[in-house]
Amino acid sequence: MLRILHGLPGLFAVVFLATLAVTGSILALAPALDRAGAVVPPAGDVSVAQMAGRVVSNYPGTEQIVRDLSGQVVVYYSRDGQAGANRVNPVTGERLGAYQPSAFFVWIRDLHRSFLLDTPGRMVAGISAALMLLICLSGMVLLARRSGGWRALMRPLAGTGSKRVHAEIARLAVLGLLLSALTGSFLSAQRFGLLPEVSDPGPGFPAKVSGGQPRPVDQLQALSEVDLNDLRELVFPYPDDPQDVYSLTTTGGSGFVDQATGELLQFQPRSTGSVVQQWIMRLHTGEGLWWLGLILGVAALGVPALSVTGAIIWWQRRRSSVQVQDNVTVAEADVVVLVGSEAGATWGFTRALQTELTKAGFRVHCAEMNALAHSYPRAAMLFVLTSTYGDGDAPASARQFMTRLRDFRAGSALKYAVLGFGDRQFPNFCQFALEADEALAGKGLSRIQPVELIDRCSAARFSEWGDRLGTAIGTPLSLSHDPVPPRTFRLELAQRVDYGLAVQAPTSILRFRLADAGQGWRSWFFRARRHSLPAFEAGDLLGILPPQEGQDARFYSLASSASEGVFEICVRKQPGGLCSGYLHGLKPGDSVEAFIRQNPGFRPATGTVPVILIGAGAGIGPLTGFIRKNTARNPMYLYWGGRSANSDFLYQPELGHYLKDRRLTGLSTAFSRSDERAYVQDRLRQDERALRKLVETGAQVLVCGGRDMAAGVKQVFEEILQPLRLEVDDLRVQGRYLEDVY
Amino acid sequence: MKKILLALGLAVSVALPALAQAREVTFTTELLDYGGDGAYMALYLTDASGAYRGTLWVAGKKSKYYKHLSGWARGSRLDPAEYDGLTGASITSGRTLKITLDLDDALIDSGHEVRVDTAVEDMRDNRADVAVPLTTEGAGKPVSGRGYVRSFRYDF
Ligand SMILES: Cc1cc2nc3c(=O)[nH]c(=O)nc-3n(C[C@H](O)[C@H](O)[C@H](O)COP(=O)(O)OP(=O)(O)OC[C@H]3O[C@@H](n4cnc5c(N)ncnc54)[C@H](O)[C@@H]3O)c2cc1C
Ligand SMILES: Cc1cc2nc3c(=O)[nH]c(=O)nc-3n(C[C@H](O)[C@H](O)[C@H](O)COP(=O)(O)O)c2cc1C
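Same order as they appear, the protein sequences are chains A and B. First residue of the first sequence? That's 1 in the UniProt record's numbering, and the numbers climb one at a time after it. First residue of the second sequence? That's 1 in the UniProt record's numbering, and the numbers climb one at a time after it.
Just chain A, with the same shape it has in the complex (with noise of 0.2 Å):
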């Protein structure tokens, strides 16, 4: 519901939206040009009796004289007959040049303001500006939510490409987004009468002047007590009519000065509704704070770029969407299905079990499990399918599950199944399907039959457990789901460089090309394809399958991104393992089926706040490849474990070269097969103190790699916090203790 909130506004007005922001970007630069041409002596130095004088002395048909908010002074003169304007020195009342508002300026302030098309383009600006509110204070909430609560808006963000670009852009530009959208809603709803508009009329024109011989305006008492830096505006009394006056408007309000005695007349203080009026506009415009206004016109210049990534996001997730056909409401429901999945697998299996269902004359409510509600009034039957992620953690879908189970209220009759989908290869599997069914039978819920875990989408498993299931409620279901496979494509061996021979950990650096891309119009039309493959960064992962029939692909994380061409993977080989072995057995030109798989929770923060990478083995693949892309120079401290310096020292040369042009700010090593027989973990208990420090300035931990060395060091890093009152779950919800391990 909210992400329609967000989306569908953006959507349909993204054409005004970007012009509105476009345009308000070059506009917010107007306060800082004006600034820069305006000449502002010091408080106090010049008043405006003294200005008046000389630009008098300059201009004796001097009319009026305005001074702007940026500093600008401009005076309004007549000579010959013809009238003038310029801007002026206010110290020496000599001219600057001609006030000629610019052209472009004033078409693209029309521009933004009613797209050149009066009203009916107001009411349109207006109304968009509305939208803008609405998407930033939506895009907030959906934000926090996905980044696990308001205060998780100051951390690193996880996820992959737009989506990543997409939430980094709108937490840069927010708050000048919202305060634009907000001011400028404002503006246009009094425009059109929607909220009531403070005018301040100002004092009346005074009874009686005294009518005696004018003065020259430097003489004048009341004018030379108002500070120039106070002056909005000066209008002179038309000529040779005694009867006429000064009119005098300050930043404190407005009145008369009498010609002949300087006197002040019918002063009136700004009442409080115009001054927020007026800062409600200064707000908008940025106008005499100039600093704003480039604040301002940045974050507006995020709007098409947020315009796109957000396409490409709603675009993405339409067509991985599969769309819920034959729901029924929650109010109407007897049967609830509610869904855990990250990548969308698991809705296929959804699906069918919900056809199923639907054909046996249950009314069925299907929907993501965040969506849990707080009551199912009329349901008997809950069924939960989810799959696991990260380590052990939920899937996107069902990241806000928990915590909403704590507000449901289930009804007596509800009894429930949880059916999980998962993967032996990973250490924790399928445990967030164990946690929901142990989290709904804490709530008193009754299960229909005990969970079920379901390995790599077997398509067999899940019929059984439909068998099984219609045994249980009596109605017999026939569930068939046989999950597409994903998308592979051939790879290529480019190059192989082997280490680890001598001390019997053989481990090698495998560098794949897209296969196929051969010489003429064949290399084209592959070039072509090659755009249509998934987006990956080192810390994805690389599936390969192996060449036995019937035998499920293993994983091997990425040390290279999409953007440099090349997968880039290090294998360990596994005694007598198929798919490991297989791969230590290529030699350069053979090729592979592999396909990609985004692992957006292992990422290094962005920012500047210190990464500490700790690995062993194989596992320092990704770690390189997040060290070769920190050409920001962040603090990155590299500790890894292997068995010898001269046998399977992965990556020397390379991470050598990192240290020098300081990618890498510090490299740790341990060898178990040498003089020092050091594992990585002595390496961090002998960096404690440091390491500690470092934790504390707010550093992020990346662990890869085995899940024995996983363990060590997670044992490692509880003592280390200790002292902080600290544990490495508190880090890991922050999002700063993450691991890939296997």
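It is possible that part of the hints are untrue.
A short, non-exhaustive set of chain B residues, derived as facing chain A with CB atoms under 7 Å [claimed, not checked]:
#	residue
1	K64
2	R74
3	R77
4	R124
5	G147
So the derived list for chain A, only partly shown, Cβ under 10 Å to chain B, looks like this [to be verified]:
#	residue
6	E63
7	Q64
8	Q100
9	D110
10	P201
11	F205
12	V235
13	D240
14	D241
It should be emphasised that the hints constitute simulated quantities derived from the structure, not laboratory data. For every residue, glycine included, the Cβ atom is placed at its ideal position computed from N, Cα and C.
Given the coordinates of chain A, assemble chain B with the ligands onto it according to the supplied hints.
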């Protein structure tokens, strides 16, 4: 003052029977291509000593900008009764405003002056952009303004 206002009031009031000495006068104000937003204008009469006597027309609907028409604003004190029923839309750059009013004969050839104040957002205000005596002789003769007015004339 009252009497003149009454006479000026004839311009729009059909309720009052036309005075025998009333005359139909057309004021034509053509603007320059100054290239800004719509101009606010006030056409008004002053007496021989330059004092405000009454409003002929105000172009521009938003009274919050009226203070920029400073000569007229002073004279009329921006009292809505002074311009009630005598307002219209602001005039776009390069366009012409034509208004026809019934004026008391006594106002012609008696030292009264027609003045036009003009103002455009973010551009200068022109007090007395045009100031011409209202005389039989001057009728039909265009004069140029000092600010945004390219030419101004009245005919009767
Ligand atoms: C998320 C993820 C990322 C991974 N990244 C990498 C990587 O970057 N580099 C890399 O070399 N491997 C990585 N792996 C492990 C890889 O996917 C395979 O599990 C590994 O190569 C073994 O596959 P195999 O077919 O050769 O062995 P199999 O034929 O499946 O098994 C053969 C023998 O090896 C043992 N074995 C299997 N896996 C492991 C293991 N991880 N540790 C110790 N013994 C094992 C088995 O118990 C068995 O005795 C990753 C795994 C996951 C889940
Ligand atoms: C980065 C990553 C981490 C994963 N972590 C786990 C895990 O800890 N435990 C598990 O059982 N499965 C894990 N899996 C496997 C997924 O749960 C499994 O592929 C599931 O079918 C995905 O379903 P979905 O597409 O609906 O999200 C992981 C997959 C990826 C790509």
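### Interface hint status, P201 of chain A versus chain B (Cβ within 10 Å)
holds, 7 Å
### Message
Given a cut of 10 Å on the nearest C-beta pair, is the interface hint for Q64 of chain A held or broken against chain B?
### Response
holds, 6 Å
### Task
May I ask you to test the interface hint for V235 of chain A with respect to chain B, counting a Cβ-Cβ separation under 10 Å as satisfied?
Holds, because the Cβ-Cβ distance from V235 of chain A to chain B comes to roughly 5 Å (cut-off 10 Å).
### Task
Closer than 10 Å between Cβ atoms is the bar; does D110 of chain A clear it against chain B? Give me holds or violated.
Because about 7 Å separates D110 of chain A from the closest Cβ in chain B, which is inside the 10 Å limit, the hint holds.
### Message
Given a cut of 7 Å on the nearest C-beta pair, is the interface hint for R77 of chain B held or broken against chain A?
### Response
holds, 5 Å
### Message
Less than 10 Å between beta-carbons is the criterion; does E63 of chain A satisfy it with respect to chain B?
### Response
Since the shortest Cβ distance to chain B is 6 Å, the answer is holds.
### Query
Once the shortest beta carbon distance from F205 of chain A to chain B is found, is it less than 10 Å?
holds, 5 Å
### Query
Per the CB criterion, is G147 of chain B less than 7 Å away from chain A?
Since chain A brings a Cβ to about 5 Å from G147 of chain B, closer than 7 Å, the hint holds.
### Query
Should the interface hint for R124 of chain B be scored as holding, given a Cβ-Cβ cut-off of 7 Å against chain A?
OK, holds: R124 of chain B within 7 Å of chain A, min 4 Å.
### Message
Using the nearest Cβ pair, does D240 of chain A come within less than 10 Å of chain B?
### Response
OK, holds: D240 of chain A within 10 Å of chain B, min 8 Å.
### Query
Can R74 of chain B be said to touch chain A, with a Cβ gap under 7 Å?
holds, 5 Å
#### Entry: Status of the D241 of chain A interface restraint (C-beta, 10 Å, chain B)
OK, holds: D241 of chain A within 10 Å of chain B, min 5 Å.
Checked against the numbered hints above, the structure breaks none of them.
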